[in-house]
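Peer 1: Given chain L, put chain W in place with the hints provided.
Those protein sequence lines, which keep their order, are chains L and W. Each residue of the first sequence is one higher than the last, beginning at 1 in the working numbering. Each residue of the second sequence is one higher than the last, beginning at 88 in the working numbering.
To be clear, the hints were calculated from the coordinates, so they are not data collected in a lab. Please note: incorrect hints may appear among the correct ones.
[Said to hold, decoys possible] A few chain W residues that face chain L, going by a derived Cβ cut-off under 8 Å, partial list only: (1) V210; (2) S214; (3) F385; (4) A671.
The C-beta atom is built at its ideal place from N, Cα and C for all residues, glycine as well.
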Amino acid sequence: MSKQAKHWEKTRGLLFVTLAIWFVFSIGIFFFGAEMEASSFRPFGYPLSYYMTCQGSLGIFVILIFWFANRQEKIDEEFGYTEREDD
Amino acid sequence: MTKMIKGKFIDNLPKVYGIYTGGFLVFIILMAIAEQAGMSAKMIGIFFVAFTVGIYAIIGYLSRTLQLDAYYVAGRQVPTVFNGMATAADWMSGASFVAMAGGIYFKGYGYMALLVGWTGGYVLVASLLAPYLRKFGCYTVPDFIGTRYGGNLARLSAVLVLTVASFTYVTAQINATGTIASVALDIPFGIAVYVGLASILICSMLGGMRAVTWTQVAQYIVLIIAYLLPVFWISNKMGAGIFPHLMLADEVARIAELESQFGLGTVKNSAADLATVPKGLAGITKAHSEVNTTPWKFISLAVCMMAGTASLPHVMMRYFTTPSVKTARRSVGWSLFFIFLLYSSAPMLATLSKLSLMDPNLATGIIGKSITEVQNIDWYQNWNQANLMFVSDFNGNGTLELNEFFMGGKAVVLATPEIAGLPYVISGLVAAGGMAAAMSTADGLVLAIANALSHDLYYKIIDPKAETAKRLIVARVLLVIIGFAGATIAALEIQGILGSVIWAFDFAMSGLFFPLVLGVWWKRANAQGAVAGMLIGLAVGTWYLIHVRTGGTPIWGVTQLTFGIHGALASLISMVVVSLATKAPDAATQRMVDEVRIPSGRTVLGKQH
Chain L
1 MSKQAKHWEK TRGLLFVTLA IWFVFSIGIF FFGAEMEASS FRPFGYPLSY
51 YMTCQGSLGI FVILIFWFAN RQEKIDEEFG YTEREDD
Chain W
88 MTKMIKGKFI DNLPKVYGIY TGGFLVFIIL MAIAEQAGMS AKMIGIFFVA
138 FTVGIYAIIG YLSRTLQLDA YYVAGRQVPT VFNGMATAAD WMSGASFVAM
188 AGGIYFKGYG YMALLVGWTG GYVLVASLLA PYLRKFGCYT VPDFIGTRYG
238 GNLARLSAVL VLTVASFTYV TAQINATGTI ASVALDIPFG IAVYVGLASI
288 LICSMLGGMR AVTWTQVAQY IVLIIAYLLP VFWISNKMGA GIFPHLMLAD
338 EVARIAELES QFGLGTVKNS AADLATVPKG LAGITKAHSE VNTTPWKFIS
388 LAVCMMAGTA SLPHVMMRYF TTPSVKTARR SVGWSLFFIF LLYSSAPMLA
438 TLSKLSLMDP NLATGIIGKS ITEVQNIDWY QNWNQANLMF VSDFNGNGTL
488 ELNEFFMGGK AVVLATPEIA GLPYVISGLV AAGGMAAAMS TADGLVLAIA
538 NALSHDLYYK IIDPKAETAK RLIVARVLLV IIGFAGATIA ALEIQGILGS
588 VIWAFDFAMS GLFFPLVLGV WWKRANAQGA VAGMLIGLAV GTWYLIHVRT
638 GGTPIWGVTQ LTFGIHGALA SLISMVVVSL ATKAPDAATQ RMVDEVRIPS
688 GRTVLGKQH
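Just chain L, with the same shape it has in the complex (with noise of 0.2 Å):
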């Protein structure tokens, strides 16, 4: 396989991890509003479903984000394909 194909195929394997964590929380922990409303678990106080939605769900994009991004960097790097800064 030559570079450019392995480099593809690792930034795919890190799409689909990022996509995966993305639906969790961003679809799939929706399907439970009732359950999540019930549960004990409350953070800050705030009733689960409340919280995830005005602050859980929110904050975990915004590190997601910001790790897919290391992570492609790394990738990028470790095939040479890193941009020179001044281009």
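Peer 2: This is chain W only, laid out in the frame that chain L set:
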């Protein structure tokens, strides 16, 4: 020489905007002193709006340019964090600033699908699209579609979808600037719309994307201060907590307690009673934090907002302005961080606002007081006059019940500082913030449409030999025409702000989501498939919207707010089927896609094209 100054300007950004922020804070303090000295509320409002809009206009003038890449993509040298701020301002519209907290106030959990959708979409932007479109080096979104798939038909279809979606959106934003300008400057709405338009055009006309970028950063700073300051102030004043985001659990619980005590959901208003309530005002009908919607309703709305986020061209084109692919990726993270600051505060504002009106233990509470007493309160009279508040003694017992109080969604943001007893200077600040939010989004949208028409329709299709000077003149003329068309429709006041914003997401998702994503991620996708995907997607989405609006039976529980589900599905199926039924893209196109997938090296399209 100019390059040196420009370079210097970019290096000095933190200092320049630091001074700007400091200056703005000093201005707020001066206004507070002036209020104590007896300046009227009306004058304070005028000063706030005029001062901030004046600054944006100066930035817009200083950023004027005669260069193509500066006009279309801000010279591709906007640093990561600043691009994040500009995107956040570009993104957070009048709807986010003025209407969102009100939506949560009246509809609770079911409405918060918008918060999840409007943030989750950025994960799709970062992972599926932004870095690859930056590597492509396009000026506009149809520029990518037209080059990747080849052919004028694909380019034209993309321009069509972009125009439909963005135009739906921009009328709502010009409407919002008009509303705020008319309240703050005390002029009729029909005139205020054009005052708003003039301010929008001043920011974008001379400098295109470069001017819009630097005004959007300035607008973000104003809007975030204007949103957060009242939230923290009210929370501390009520003794609810120093840091409201982490400390309002007791208040949320208290609201639930009061809601059941006041008989929310058990007492119903009769149709005859409701007929007396002015149009556009809402009563509290849904419990604040309880799960009050079905999972499908919540998820389908979130999905539409997420896919729409990834397809709206005015957001995507912000990532064309970063210096590299790497910075484009990071800049998406910063964008979402800056958006998060406001979005996570909206539910807190809704909570504080609701409690301060409902709780009989607080001096500001009005539920349970006598109707005449409430009708004599100063702020009630003001906002009742502005048609944003209404009380009526339906059951004739002389006391204000929960189901006898009505408020416009906008009033939650605009009136809460006054209700909570904050000085008027804060209300003036909030008006300036709302104006900044609506203006920055309108700027981005008008520019997205005008750029697509001037670059893709005029230069690429009608007159490919046009010279730079002529192209830039055409771009500016189109900008003014589109602005005026938007303002004229906004002045008719056909739709509400929030409804048309949500439609814009559905339109964008119906026609552009899959053609964009598959353009990067599926080499086999070809021009015929893309054209089918865009046109059939848009047609099916539009058909379904009309179908539900005219009383047709909903299919799969999809409403007029989520019609993008059907549009995007039709787009995906038709794109895959038609692509596979026709010839694979040629070797040159395949190489181009390979090239896009590698961050390093030259962009696919030249620096100036």
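Peer 1: The structure should be examined with respect to each hint, and the outcome stated for every one.
Peer 2: Comparing the hints with the structure gives:
1. V210: Because about 4 Å separates W/V210 from the closest Cβ in chain L, which is inside the 8 Å limit, the hint holds.
2. S214: Since the shortest Cβ distance to chain L is 5 Å, the answer is holds.
3. F385: holds (5 Å)
4. A671: violated (18 Å)
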